[in-house]
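So the chains spell out like this:
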Amino acid sequence: MKIGASYYPEVMHESQWAQDLKNGKDIGLSVLRCGEFAWSALFSPDGKPTMDWARRFLDTAQTNGYEVVWCTPSATPPPYLLDRWPDLHATTSEGLTMPVGIRRHYCPSHAGYLDLCAETAGTLARELGTHPAIRGWQVDNELAGDGFTCWCDRCGAAFQKWLDQRYGTLDKLNAAWQTGVWSQVYTRWEQIPVPRSFKPAHTPALKLAWRRFKSDCWLNFFRRQAEALRAGGAKCVTTNFYNMTWDLPFDRWKWRPHLDAIGISNYHEAPVESAFELGVLQGPQPGEKPLWVLEQKAGQQASQNLLPDDPARLERHIACCAQAGAEYGIYWHLRQHAAGCEMEHGAVLRHDGRPTRIARAIGTAIKGSAAKAAKFAPAERLLVFSFNQFWANETRPPMGAAYDYRVEIEKNWFAPAQQLFGNIRIGNFGDAASGRSLILAPFFQLNEPGAGKTFRAALEGGATLVTTVDFLRLDDENNVRRIAPLAGMGDWAKVPELELYQLKAGTTVQGEIAGQPVTGGTFWAIPEVSGTTPALCREIGSGHCEGCAGPMALEFKVGRGRVIVALTALDSAGVQGLLQNL
Amino acid sequence: MKIGASYYPEVMHESQWAQDLKNGKDIGLSVLRCGEFAWSALFSPDGKPTMDWARRFLDTAQTNGYEVVWCTPSATPPPYLLDRWPDLHATTSEGLTMPVGIRRHYCPSHAGYLDLCAETAGTLARELGTHPAIRGWQVDNELAGDGFTCWCDRCGAAFQKWLDQRYGTLDKLNAAWQTGVWSQVYTRWEQIPVPRSFKPAHTPALKLAWRRFKSDCWLNFFRRQAEALRAGGAKCVTTNFYNMTWDLPFDRWKWRPHLDAIGISNYHEAPVESAFELGVLQGPQPGEKPLWVLEQKAGQQASQNLLPDDPARLERHIACCAQAGAEYGIYWHLRQHAAGCEMEHGAVLRHDGRPTRIARAIGTAIKGSAAKAAKFAPAERLLVFSFNQFWANETRPPMGAAYDYRVEIEKNWFAPAQQLFGNIRIGNFGDAASGRSLILAPFFQLNEPGAGKTFRAALEGGATLVTTVDFLRLDDENNVRRIAPLAGMGDWAKVPELELYQLKAGTTVQGEIAGQPVTGGTFWAIPEVSGTTPALCREIGSGHCEGCAGPMALEFKVGRGRVIVALTALDSAGVQGLLQNL
Amino acid sequence: MKIGASYYPEVMHESQWAQDLKNGKDIGLSVLRCGEFAWSALFSPDGKPTMDWARRFLDTAQTNGYEVVWCTPSATPPPYLLDRWPDLHATTSEGLTMPVGIRRHYCPSHAGYLDLCAETAGTLARELGTHPAIRGWQVDNELAGDGFTCWCDRCGAAFQKWLDQRYGTLDKLNAAWQTGVWSQVYTRWEQIPVPRSFKPAHTPALKLAWRRFKSDCWLNFFRRQAEALRAGGAKCVTTNFYNMTWDLPFDRWKWRPHLDAIGISNYHEAPVESAFELGVLQGPQPGEKPLWVLEQKAGQQASQNLLPDDPARLERHIACCAQAGAEYGIYWHLRQHAAGCEMEHGAVLRHDGRPTRIARAIGTAIKGSAAKAAKFAPAERLLVFSFNQFWANETRPPMGAAYDYRVEIEKNWFAPAQQLFGNIRIGNFGDAASGRSLILAPFFQLNEPGAGKTFRAALEGGATLVTTVDFLRLDDENNVRRIAPLAGMGDWAKVPELELYQLKAGTTVQGEIAGQPVTGGTFWAIPEVSGTTPALCREIGSGHCEGCAGPMALEFKVGRGRVIVALTALDSAGVQGLLQNL
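Taken in sequence, the protein lines are chains A, B and C.
By my numbering, the letter at position 378 of the first sequence is numbered 378, and the numbering carries on one by one without gaps.
By my numbering, the letter at position 534 of the second sequence is numbered 534, and the numbering carries on one by one without gaps.
By my numbering, the letter at position 152 of the third sequence is numbered 152, and the numbering carries on one by one without gaps.
Treat the hints as calculated values from the structure; they're not laboratory data.
There's no promise every hint is true.
One copy or two, either will do: identical chains are not told apart, so a pair holds if it fits within one copy or between any two.
[Claimed, not checked] The calculated lysine-lysine pairs, modelled on DSS-like cross-linking and capped at a C-alpha distance of 25 Å, are:
1) K25 to K411
2) K199 to K372
3) K372 to K289
4) K161 to K22
5) K289 to K48
6) K557 to K2
7) K504 to K297
8) K207 to K504
9) K235 to K557
10) K297 to K199
11) K48 to K172
12) K207 to K2
13) K289 to K235
14) K48 to K235
Same shape as in the complex, but just chain A (with noise of 0.2 Å):
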């Protein structure tokens, strides 16, 4: 893995360029990503290429032994181009105007934005490609980051396009969401709210609508660019992902074939949360395309202690990403900036250039664990994650006490799974269909297209199928199917009578699994006469709440397979529990 830092020429004067690439070679680093605000730097107003400095830094680069990873800079669009385009600016969810002066504040729905884009992506490939030091690119700068999405009426525009795409018609759509339900029939297209924040909130299958939309939205203004940057004759395009702990804008699964690497900004600081972003990213087949730590942190928002806070975090950074088989890992960045709401950030050369301790810790690291190999799970397990069935639960009423759909799966199912296995592999549903031994797929309520039958296919073919009591619950749509617990499995199994109770917070069943305490909370179903298991069911672990009794979860056979379903939500040790003495 290669160490490097965000760097920008742009703002430096170009005789300090060579001293603070050199001070970055000598604790070892040897990748710098650019450019991904130099919009003013890059172009003219009367949009003709300024580059020149940019290939004299690319020299300087590579004299001193850089790789580069250029940006376009679609982040940040200078002044003159609000100006210009008066409506170019974004709505925020609560409907105000995005001003000019932060980033991301354009509107990703803006026709004329996104041709402009696109050239300029393409300008960039053709004049800044062929320089030996580039080695990819990255578009714009963690897309929709910090929830900057755009919510105006032309981004509501085109999700009633979108949706007459998705449902043909209004009728369609009217009965997929139950528009019935406080006479919401929606009798024209442009009536269809963009929803935006408002007490009540909005009816929650036009919440996952507008929010699968937006993840197509984006991809959309990503494709425009990465075509026209490779059309230029760029190699190996990505962007960098925000952090799966900030928001989860887009659906990774639908958006990785769109990607040459996959790239992230990844700002974790518990090891378990940097492993599961960096299993999210490896997807189902780790190795498959180049994994891209694009942004790590060199130091903290606003401070930088004389020591990192945590003195063995840089180290563990390094080889959870080397693990992972990560290609790059780059600081964010190599010296702090002198102007500008970042100008206090930690970086890895302070405001005056000079390496402190700081970077003599991070070159202590590198030398510690960059080279550190690659460590692949195993193909024969899987845990499912579905950004679908995160926003679902995003934007629906809790059932039960509320969870956050990422926290869950990576502390209480990713968490224990790593520990038991070494390591797991994470992916859609669609990855279940052949191959894997055992499957995990807790909180999977969401019956997306397909789901159903990939599970099934996999339980026939012999696997372990480990999921909730909640499982395809839901349509597709977000709503609640009218079908008892579990009976979402349809004929594929003979599942047990259950009632299914929302535990509001605070109520937990106590129980035990392999002699084990363990703990569940959120929902919890037992079986309709207390006491009795089903015949064919066996029945695992037991515990109680409010006076009364059952079990912890339930196997039963499918196929050639089982499945084992928790029946709440159980903690990591009833995780662990359960897959320990499958």
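On the provided structure of chain A, position chains B and C as indicated by the hints.
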């Protein structure tokens, strides 16, 4: 009392109706409330009634032995109506436009919508009103609930007109509101603003007037539909007031004459809150009008534990309704929604329709308590509760530590009265005029027209008035009268000379009444020369605060009656002390 | 010192004036402040003066031995003015339009309003200024108080013009602000935005410029009225600055030459806060201009306990004012309002006008302390306080743990200086030029024009400068200078080589100075090679943090003087240690 549930046949498969109703019947339900959000199903976009399904449903209901309260659907104008009238959207107190896709998003001053709603109500009455299952009518649903009244400029214009009618001339309004403070003298009606949210707040007189106007504005909204319903042959027309814990948008005393039954959405948890709510609904003459609990809690918002969180709540709740003489107690709702913002809200039956422990517990509660008889409080005692005073407190800076007028009366006056006397009637000040031997009128600051005269008449007739030292200290416009404490009693009585102090939060008067420890707060009035009590006055209890000492209450004669004045905002022990030692 | 109170004759019955004034006189009041919200009463809607009542009131005041400060009423333009000029409404930092019905709801860049206010002020001076009771004039009331400055596009246009005057060309502005970061290079003045509230924040250079512009914009607003007052014959024109705990909208050093007296609304509770506020008001030459405390607290906001919450506060407050040489100490206010947003605010007299314990306590305090003499600090020591630096801190991301520049200086620098030296003068950096033997200039980061030269001159002259290691680390535009720590001192001194670390909240340097335990935070600079100290430098104290060790401060010679640099943000014990061991 009959127990029932809300049901939404318009979003259920018709084939499910019979089973759902049978499941309800099996546990003892015999009333249904329907139709409050069903505009889309009841009318086609061109306004034609499409009610065959409703008639078929009413047949099913009747077959299963149910009575039905049907609702007008004005809470949810379908999207096409906001498409037709873009100016129908309501405006929030922050000035934002409420979107389609939620409920109560219409402006209640929109003439076209009011006409259409009246027409709709009349059609409903004619189309469904003759069905033998129909027992009564509810207009809209929780009118202005969640504070969702409208603050638009059209409402502002209606407000200006209402002010014109109230004051006649701007000179009178300016004098009444004392607009000289901060130079707010109006010279045209159009200058009077809608007091939308802003810091610092608008002047209290303006805000109280707005609250009064809004109550009248919504009463007009209600009456337009109620009259159309009655003209269409409907009997027993009501609406479901929103719970007093949430908001007090209406002067219920002023609404009362226009309601055939008094309806409520009663989601109170605490017995005393529920009893107070029902006491206000019963009013000064319990039994005068039917009392309908049109919504009560079948399950938690977004969670429904295995057992009701408080197993005794269901029985207690029913008993409380029964004791208040409620005719109906209707759960929200029979079966969980599959779609929309409330899709995970608890219900009698779960999504899949099967009865669970919850349903069984409700059945048990019904059996145990539904037949309990009404128990009305005797007429001799009255607790005065003023919606105008509530608004005055809400719209003014606090005098001393802030308190909630409703909570203070409920907790510290109603609760001890209930404990001592079994129960106590609640009414407006006008209801104190005659026939009462004991009148409690704490925190009655606002000199509402006729209030002084009424209390005096009661006193002359021999009644005992228990009040607080802030009695009549405000004029009817929400301004402080420049008079000595208690001088609002005018020439009725030789009132003692007092100094009235505001006490900030945390400053309390520690004292005793009849040997029992009691506490006061918010304000304390002490005789001008500390330690001496005016002749003619009896001191009650004693307290100290910040090195000063004085009585907790005073008693003095007025006519054949007497006044007992709490000199501080007593806790419940203090009020109990006063009432026990009358 | 004369003690007085604000009074509102325009909203009192004329018959009450004499008694109210007599009640005030009886406890020792002899000054009144009047008229700041009286536009409606002073002028008819067509602009004619209606001031007979005011003259009669001034007669009454004179008869009762009062001096009067009269105010211009521009804080409360009556509704008819906003009716006439709909564009007069101010805009909040969130972009909302401020309504009528509150105060300070006008735009300070509205040419028509500024003209009218000047005309109004001139008329007032001519109509009332000759009355013998008039002693001085206050313009408006707490200008821009509560952060109620205007963020409208007209202010934005004025800002762009102000920028044009400051920078001359866009190229210079772009270079000064380093707009290359995030591609914010402006190509037309009209592109420069008003930095309204938005996340992420606008660039610090823009925000500091806006703060500076706003101070000048309001100074212009003040001067227009002040000049008109003086042209009308008025003497002693001032305004009442808002307390520094609330906001620092103005560069008071820049305003000072335009004020005949220095006025303040001083609601501080803590003695040190009050002393610091008054120290800033006195400035580097106490006694140079009259100091008027135009508002101080007679009672609590919305509560007025039996006794002042801290019985000694009144006396202490008066003593503090007296020691600062204040000419007036004016309570807010004489008698509680009956209407408006402040109707329950405490006052000397209650609503009914009768004196209570509060009034008697104020009378006692006046007798006990009003005659105390002023006690000015000697000229030799100066504490530098910079409003520009305050804004720089407020508009930038923090370097290390966030702190409030005012609070930090007040608590950790002013307080120990006051304790050691009795008192200390406070001034702008320019006041350090000569005549000082000791200059404290902590956190003086901004390289304001002439700052370096001034400090150097003082040092060459033999002064001791005590500062912090962030000294001159910013340019005057709010950007970080790419120089080594302390290199802002240029060639004055051979400064030690230091590594400057940001410390996040919770990370502290534990150490000692002269054997006493002290603590540092926010940042720490340690010699590049830990453990050795540069020649020519004296180490002061020692500390440790995260396993590193170093001195707490350094001392080195500059010319005939010396610099003592705190290497971390010391607590008050640390600063005391430095000052005790000079």
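Going down the list of hints, with the structure as the test:
1. K25 to K411: Classified as neither; 38 Å inside a copy, 45 Å across copies.
2. K199 to K372: neither (51 Å within a copy, 40 Å between copies)
3. K372 to K289: For K372 and K289, the Cα distance is within 25 Å only inside one copy (19 Å; across copies 73 Å).
4. K161 to K22: For K161 and K22, the Cα distance exceeds 25 Å both inside one copy (52 Å) and across copies (44 Å).
5. K289 to K48: neither (35 Å within a copy, 60 Å between copies)
6. K557 to K2: neither (48 Å within a copy, 47 Å between copies)
7. K504 to K297: between (38 Å within a copy, 15 Å between copies)
8. K207 to K504: This pair counts as within: shortest intra-copy Cα distance 24 Å, inter-copy 39 Å.
9. K235 to K557: neither (49 Å within a copy, 59 Å between copies)
10. K297 to K199: between (37 Å within a copy, 21 Å between copies)
11. K48 to K172: between (49 Å within a copy, 22 Å between copies)
12. K207 to K2: Close neither inside one copy (41 Å) nor across copies (39 Å); limit 25 Å.
13. K289 to K235: within (13 Å within a copy, 72 Å between copies)
14. K48 to K235: This pair counts as within: shortest intra-copy Cα distance 23 Å, inter-copy 62 Å.
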